[in-house]
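**Student:** Letter by letter, the chains look like this.
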Amino acid sequence: MEHGFISFVLEHIAQFFSYTAFANMTIGHLVMIAVGLVFIYLAIAKEFEPMLLLPIGFGIIIGNIAFAPGLKIGIYESGSVLNYLHFGVLQGVYPPLIFLGIGAMTDFSALISNPKLVLVGGAAQLGIFGAYAIALALGFTSPEAGAIGIIGGADGPTAIFLSSKLAPDLMGAIAISAYSYMALVPVIQPPIMKLLTTEKERTIKMKPPRAVSKTERIMFPIIGLLLTCLLVPSGLPLLGMLFFGNLLKESTVTKRLADTARGPLIDIVTILIGLTVGASTQATTFLTAKSIGIFALGAISFVIATCGGVLFVKFFNLFLKEGNKINPLIGNAGVSAVPDSARVSEVVGLEFDKSNHLLMHAMGCNVAGVIGSAIAAGILLSFLS
Amino acid sequence: MKPIRILTLIIALSACVAASAQNASDLRINEVMVFNDSSVVDDYGNHVGWIEIFNTSYNTVNLSGLFLTDDMGNPTKSRIAKSPDATIAPRSYFILYATGDKSVGVHHLTFNLKNSRMIALFDGNGRTIIDSVALPAMTADMSLSRETDGGEVWTTKNLPTPNSSNWFEPFAGEVDQFKSLDPFGAGMAMIAMTIVLGSLATLYCCFKIVGRIATRKKKDKPFVAKNAETGEEASNEVNAAIALALFLLSKQEHDDEYTVLTMHKVSRNYSPWSSKIYGLRKRPGGLSSF
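First to last, the protein sequences are chains B and H.
Here the first sequence is numbered in my numbering, starting from 1 and rising by one per residue.
Here the second sequence is numbered in my numbering, starting from 1001 and rising by one per residue.
Mixed in with the good hints there might be a few duds.
Covered stretches of chain B, as calculated for chain H (at least 3 residues, CB under 8 Å) [as the list claims (entries may be wrong)]:
{"hint": "1", "stretch": "72-82"}
{"hint": "2", "stretch": "136-149"}
{"hint": "3", "stretch": "209-223"}
{"hint": "4", "stretch": "364-373"}
Ranges between beta-carbon positions, derived for each pair [stated by the list, open to error]:
{"hint": "5", "chain 1": "B", "residue 1": "231", "chain 2": "H", "residue 2": "1134", "range": "26 to 34 Å"}
{"hint": "6", "chain 1": "B", "residue 1": "264", "chain 2": "H", "residue 2": "1082", "range": "27 to 35 Å"}
{"hint": "7", "chain 1": "B", "residue 1": "81", "chain 2": "H", "residue 2": "1038", "range": "26 to 34 Å"}
{"hint": "8", "chain 1": "H", "residue 1": "1129", "chain 2": "B", "residue 2": "27", "range": "34 to 42 Å"}
{"hint": "9", "chain 1": "H", "residue 1": "1038", "chain 2": "B", "residue 2": "256", "range": "45 to 53 Å"}
{"hint": "10", "chain 1": "H", "residue 1": "1212", "chain 2": "B", "residue 2": "236", "range": "26 to 34 Å"}
{"hint": "11", "chain 1": "B", "residue 1": "22", "chain 2": "H", "residue 2": "1194", "range": "15 to 23 Å"}
None of these hints come from the bench; they were simulated from the model.
Nothing here was measured: the structure is a model prediction, and the numbers come from that model.
For glycine and all other residues, C-beta sits at the position ideal for the given N, C-alpha and C.
This is chain H alone, in the form it adopts within the complex (with noise of 0.2 Å):
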């Protein structure tokens, strides 16, 4: 009988433990807006009014089948689709998007926050109530939020903090310390453009040098005309001829030429009757001798 027993107790056991994985009494609502003008964006790229929820639990909990209201009198208005996506890990959070639309998926709510005065979670047989909040009046990005997740104080807050923690040191990071101290950005200004113009000039400097003995060195080595296929130094004669064609060029005293250099594109616009299979042909054998 005792193991029988045991083995009962284990059972039990186990059951209490998965009965309270999926404890939805652990939920608690931890954070709404409901004028979102620049907070995230739901699925599609829209924002919305947004509810967050948060498991105070160590297991995780599935939110499938639960139901949303902003009507007491109508607890059943959202319900929660089932689906694998709608479970919350361990002491984590799960946003329900206010978009008033019937057919969007798990994350989205049947009704929209703009004239919502109050928020209720319901477990799924659609009476028992597991958390509400009253909303107060907000403006635009502002969210009502527990100061600590799970907590019971709430306070209004213009940092919203969808899908993290609620509590935050109050610390001003280097980004928001830079706006403070440099409020009209003449200090961004100076110190940027001093590094753009010190890095180019820089650059500047190197290339100046660059150039200076690349310029040197060509007027260190006189120019001497080669046979293209020998190699061979040209003679005098030739190299005497080369300046002076070279000169009456820059004078512009020079003969017409036939060749034009130009800097517009020369287009040739491929098209089967010009292309050579079409007009090279092979000599037929059979006609050779006429």
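The following block holds chain B by itself, in its conformation from the complex (with noise of 0.2 Å):
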């Protein structure tokens, strides 16, 4: 009788141990999880993108902590609730609510004071179809070179949109690819922005932004969504989200709809999009050759899209008249990691010239190209779903 409850205890605690995470357990999801707390320690101790990496970092470490598969637990088990909430990843359903949210927390001000800023930020997205090309060259699949050529746009949210809808498998490695890459834009840009120009091009100084009335700020989101998605009717979803946030704003009488998109709901989003995203890397699927393929595609793709706006810009100059010429240290924040390249513009220009601040011209090509990976992001999905 002693026996067997001895043997019955034992057989249970056994069975519990092979529940728990340490019997699961994979170097994989070690590796996985230092991962996670690096992502922690730079949003923490560096401040690099913190809003994101802090919840993608702790995601990283929810998704990799092993389980015993079958208890509706894991990101991937249908009925769990990790489950439910990625599906809004999946499906594309958070990208363009954030894309509402930072369209009613975005001045469009200096663009439309100087709108051939706006080419600029068309400019750099060179960088997606440069990572295009090499992502088909190395073998990836044309969808699959799509959603990661997208990276190069820097712009989380419309990485995740595209990738879920091209290549769902691959989109937690190209989500944290972008981020990072995102969160590195004050290390990747500098140096290039200062070997593609010369002393003299970097102390240009630009025509202070004038006046904007209501009434032209007004009709940006809605000539935009016009012109914009009546030519890419595919880029809809985020567009047409960024433009009504901007209306919300701009209008003036619906102060509360702006405020919860800027505000609550976007934090919301924010928060479930990190978690999830961060998540859905379990080791089992995301530690593949694929991803760190991924990884050296995001970096090059970065690298492109900085050079095509500095050179976009050098090359612009040419044809402006003395006293209207474009600071070519703008171009890097074509690509739209809002507002970290355009703090890149500001702190570079400032190097050079005390006196000349370039952060609101940096605005300026920073929002549209926000507006540009958005149709890039169009007319990929039209041309590869």
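Mind assembling these two chains? They're in different frames, but the hints should get you there.
**Tutor:** Shown next, in the form of structure tokens:
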């Protein structure tokens, strides 16, 4: 009787142990947990994109706590809570909601006062198609290459939206890569900007932006939506929400809605998207040769995008009169890592002329980059889905 | 007697139909993938080898209790668990993932395919073989499949079709055509960049015109100061004084200002110690005479 009881206890302790993470842990899970901890460190200690890296880093840890399958716990197990939350990522629900918030918090005045900056935002999208070409050469399929290329747009929600449509299997790696390089914009961009510009070009002083009337600010989202989405309707989920959010803000009659969109709503969605994207990086699906390739391509796409923006400004300056020229140091801001890349323009500009503030001009390129990358995503979606 | 005979006949026919509805002999191993790198993932997000079973009949078949094995010496190696989900609709498919784990549910087998040379499907008695197939050497993401669903001819292919018909038109889709005609992505880059820059250039032209109209309107309408309360226009002297102040401001020759405009965020941290509720106190009535 006593022997039977002891074996019963031991058997159940052994059974309990088989359900613990220690029994199911692999080296891959440990590696991913270490990656999650690095993300959390970068977010807290270095303040690199903390709003994103912190939820993603913690999500990586959550996703890599090993467990015995079948208990409806994991993000890929249908019926689990995490699986329900992940639905918003898989079906592309969260990114347009984030764009609504971005629209409601973005001031397009810098762009409206100097509309030629919008072209810089377009030129920087070259990074997307450069990475697309290289991914094709490396043997990725066209939809996969398109999803990887969008990392060069430097826009997390857009990257998640497009990869959920074109290559859902690669979405975790693409999202992590996009957010990692966005956080590293202050490290990646300055050397390229300095390499591609002359001393004289770096000290070009641009005209201060003119005051923009309320009517112009209200007209911008309406005209912007019509002009871009009539041409690229597949960009509607992102561009529609972006411009709608901006109209809520600029109309000034829907302050409560605008406040919700740029406040609680975007905060909630950011928490959900960060956590679930992080949790989707389960070691068993994430640690593959493809993921490493995606990381390498992500870095290349950021470099090409920065070069594209800076070189385009230099080319554009050939056709502009003296006094109207653009400082090529704002070309990097064409990638839509808002507002980090604009801050980089300001910091690098001040290195060469303490009185030359480029922030407002760079913000014009920056918000143009958001529009440009959403259009590029729409084009890739219409060709490759 | 006649009605009883008819009734017996009906019951016998119904029993036959019911028996055929559960007839496992209508099942076929339809497609097998041994090394899965990028094909379908199982319920846990893992890429593992899989076996597709096809129901050739026009009745629903229950798979509960059937056996799959990769070892003819051990026909009952992996039993399909009893579950309401273990059914195949008429002419449909059922995927079994060869995870090699014992406790993962109805879609999972207790062996993996990495060292398997053959696959066999056995009836619930563990003796009657329903279907079997020998596995050739296959590379990653290659599958062995019947050319048509349930057909006799087997073939290996690089485009696996889990949970769907094995036969499809040898027609390259638009996306495949895109890659074959534009293998380096140069065409895509040209087309897409033209569209991106074109749409943004349209936006530029539009707001260039809007900006010109807006600035012209401002120029046409001279600035006149107005009294904020009454709305009355200011006198010429007041306008001249404002213009002079603005001129001096632009030349940096203005007086010292006490107000400083800054871009720094003003932080006002809430604390109950600084709250008005605690700062403003009612005057105690009883002490007013003191």
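**Student:** It remains to establish, for every hint, whether it holds in the given structure.
**Tutor:** Comparing the hints with the structure gives:
no.: 1; hint: 72-82; in the structure: holds (count 5)
no.: 2; hint: 136-149; in the structure: holds (count 6)
no.: 3; hint: 209-223; in the structure: holds (count 8)
no.: 4; hint: 364-373; in the structure: holds (count 3)
no.: 5; hint: 231/B x 1134/H: 26 to 34 Å; in the structure: 56 Å, violated
no.: 6; hint: 264/B x 1082/H: 27 to 35 Å; in the structure: 48 Å, violated
no.: 7; hint: 81/B x 1038/H: 26 to 34 Å; in the structure: 28 Å, holds
no.: 8; hint: 1129/H x 27/B: 34 to 42 Å; in the structure: 41 Å, holds
no.: 9; hint: 1038/H x 256/B: 45 to 53 Å; in the structure: 47 Å, holds
no.: 10; hint: 1212/H x 236/B: 26 to 34 Å; in the structure: 30 Å, holds
no.: 11; hint: 22/B x 1194/H: 15 to 23 Å; in the structure: 56 Å, violated
The structure shown violates the earlier hints numbered 5, 6 and 11.
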